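Chemist: Sequence:
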Amino acid sequence: MLRSVEYATRATFNLKAIKAFIGQENPSAALRVIEYITDSADGLLDFPLIGKPWTRAGTRKLVLSTFPYSIIYKLTPAKVIVLAVAHQSRKNKQSRPRRKP
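Residue numbers (the numbering used here): 1 to 101.
No wet-lab data here; the hints were simulated from the structure. Please read these numbers as outputs of a predicted model, since none were measured by experiment. Please note that the accuracy of each hint is not assured.
Using 20 Å as the maximum straight-line C-alpha spacing, the simulated DMTMM-like pairs for lysine to aspartate or glutamate come out as follows [what the hints assert, rightly or not]:
#1 K19 <-> D39
#2 K19 <-> E6
#3 K16 <-> D46
#4 K74 <-> E6
#5 K79 <-> E6
#6 K74 <-> D42
#7 K79 <-> E25
#8 K79 <-> D42
#9 K74 <-> D39
#10 K61 <-> E6
#11 K61 <-> D39
#12 K16 <-> D42
#13 K61 <-> D42
#14 K16 <-> E35
#15 K61 <-> E35
#16 K79 <-> D39
#17 K52 <-> D42
#18 K19 <-> D42
#19 K16 <-> D39
#20 K16 <-> E6
#21 K61 <-> D46
#22 K52 <-> D39
#23 K19 <-> E35
Cβ-Cβ distance ranges computed for the label pairs, FRET-style [said to hold, decoys possible]:
#24 T66 <-> A17: 30 to 36 Å
#25 F47 <-> E25: 16 to 22 Å
#26 T76 <-> P27: 32 to 38 Å
Note that beta-carbon positions come from the ideal geometry of N, C-alpha and C, so glycine has one too.
Using the sequences and the hints given, assemble the complete structure.
Modeler: Below, the structure written as structure tokens:
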């Protein structure tokens, strides 16, 4: 059973960038978007396979419906690890989590 959601450094950076970008025009909207994204990530604890398999083995992509973002994640026996959060208009190459050396 999955117990927690963990955010990789890149995903944390993505969320901060999304909040800053939207917050320039509408701070309350920025908070709503971030809350929606993090609530969606929390939902993966109950439905971990809802995202489709993605380009890198072991990763999945959840396309969000209310706001144009996708969550890239992987599963371990105990947790969901959010690797990145990307705007849906970005090409896969740009939103793909970088490989560790």
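Chemist: Now, for every hint given, state plainly whether the structure supports it.
Modeler: Outcome of the hint check:
Distance check on the hinted pair: K19 and D39 sit about 15 Å apart at the alpha-carbon level, within 20 Å; holds. At most 20 Å may separate the alpha-carbon atoms for a hinted pair to count; K19 and E6 meet this at roughly 19 Å. The straight-line distance between the Cα atoms of K16 and D46 is roughly 25 Å, outside the 20 Å bound, and the hint therefore fails. For the proposed pair K74 and E6, the alpha carbon gap of about 10 Å is at most 20 Å, so the pair holds.
Taking the CA atoms of K79 and E6, the gap is about 7 Å. The hint holds against a cut of 20 Å. For the suggested pair K74 and D42, the alpha carbons sit about 13 Å apart, so the restraint of at most 20 Å is met. About 34 Å separates the Cα atoms of K79 and E25, which puts this hinted pair outside 20 Å; it is violated. A hinted pair counts as satisfied when its Cα atoms are at most 20 Å apart, and K79 with D42 qualifies at roughly 10 Å.
Distance hint between K74 and D39 is fulfilled; the C-alpha atoms sit about 17 Å from each other, no more than 20 Å. For the suggested pair K61 and E6, the alpha carbons sit about 15 Å apart, so the restraint of at most 20 Å is met. The suggested pairing of K61 with D39 holds, with an alpha-carbon distance near 15 Å, which does not exceed 20 Å. Between K16 and D42 the CA atoms are separated by roughly 18 Å; this keeps the pair inside 20 Å, and the hint holds.
A C-alpha spacing of about 14 Å is found between K61 and D42, which places the hinted pair at or below 20 Å, so the restraint holds. Between the alpha carbons of K16 and E35 the distance comes to roughly 12 Å, so the proposed pair stays at or under 20 Å and holds. A C-alpha spacing of about 18 Å is found between K61 and E35, which places the hinted pair at or below 20 Å, so the restraint holds. A hinted pair counts as satisfied when its Cα atoms are at most 20 Å apart, and K79 with D39 qualifies at roughly 15 Å.
Our distance criterion of 20 Å between C-alpha atoms is met by K52 and D42, whose separation comes to about 17 Å. Among the hinted pairs, K19 with D42 is consistent with the structure: their alpha-carbon atoms are about 18 Å apart, no more than 20 Å. Between K16 and D39 the alpha-carbon distance is near 16 Å, which keeps this suggested pair within the 20 Å criterion. Between K16 and E6, the direct Cα distance comes to roughly 15 Å. Compliance with the 20 Å bound is thereby established for this hinted pair.
At most 20 Å may separate the alpha-carbon atoms for a hinted pair to count; K61 and D46 meet this at roughly 16 Å. For the proposed pair K52 and D39, the alpha carbon gap of about 18 Å is at most 20 Å, so the pair holds. For the proposed pair K19 and E35, the alpha carbon gap of about 10 Å is at most 20 Å, so the pair holds. Between T66 and A17 the Cβ separation comes to about 19 Å, which falls outside the hinted range of 30 to 36 Å.
For F47 paired with E25, a C-beta distance near 32 Å fails the hint of 16 to 22 Å. A C-beta distance of roughly 35 Å is found between T76 and P27, which places it inside the suggested range of 32 to 38 Å.
This entry does not satisfy hints 3, 7, 24, 25, going by the numbered hints stated previously.
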